[in-house]
Amino acid sequence: MGEFPVINKKKCNGCGLCVDICTCHGLIMVGSVVEIVPTVECDWCTKCEAICPAGAISCSYEIIIEG
Amino acid sequence: MTKTDFVKANPYFSGLSTAELNAVVPLFFEKTAERGDMLLLEGEPSRVLYFVISGVVKVYKTSAEGRDQILYLVRPGGSFIDVPVSGEGTNLASAEAITPLSLYAIKKDDFIKIFQIYPQVARNAVNVLSRIVYDMVALVEALSFHDVNGRVARVLLENAEDTGHGLRLTQQEMAAMAGTVRELVGRSLRTMETEKIIRLDHHRIIITNKKALQSLAGQET
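From first to last, the protein sequence lines stand for chains A and B.
Under the numbering used here, the letters of the first sequence match residues 1 to 67, in that order.
Under the numbering used here, the letters of the second sequence match residues 68 to 288, in that order.
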């Protein structure tokens, strides 16, 4: 399976906003912290990273020059 | 690479004899950190000079509103917290690991003693500090004279070529380097994709027209 957002569980405050905004159901609350549910549907929309008030989710990019 | 080879290759210590290097190298000690670990805070006393063995560090300032401005990234072979260690004062900026990190470090007191014993190191330090001033002037120029698209283009170009360090950047980190907010980085990337300058392929930003990107960044090709 491919790349997924990275959760910093120390920073996650368990608000669940990322779970609500994820259209591919790639995030789930386990206890008081969020976990990734690996899914091929994740298209790296980065909405989870944008909405996280704690800065606990990273959707990072490799930057490559073609050719 | 051995510790001696690392120190020998560093700009601060170029020109030292083998005997001089042998006296200096034992003063360095090793430290590791994970992505997100804070290495030093703005305003705190400067006690140690750090050298990156592997990984990447962001050196940044935070505004009263909590917005970050990344001053520069430090890659393998580079050093940080040079200015207050070489002179007086507290840390001018904060530093955080943005990848897993391996460092050498030397205490400020030991570094100052090396300055006094080996004038070559003091002369080398002038070159290192001059480079920092040059980079800071380039940053001020970019923030003052280029629009957001141009500044994001500059960030992409500066971080695309060096693929050996494993660096990946979030849109938030790109925003902190370009002096803007995350939302405008996203808009800028989409504009560049529409104009076929880059292609967004899941977690990859692929630069498909480097010349157009350089033009956007105000760089001569």
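Some clues are possibly wrong.
What the hints assert, rightly or not - Going by beta-carbon spacing under 10 Å, a handful of chain B positions derived as facing chain A: (1) Thr99; (2) Leu159; (3) Ile165; (4) Pro167; (5) Thr237; (6) Met241; (7) Leu267.
Derived by calculation from the structure, the hints in this document are not laboratory data.
Small disclaimer: the values here were computed from a predicted structure and weren't measured.
All residues carry an ideal CB built from backbone N, CA and C; glycine is no exception.
Hint by hint, where does the structure go against what was stated? Just the numbers, ascending. Of the numbered hints, 1, 2 and 4 do not hold.
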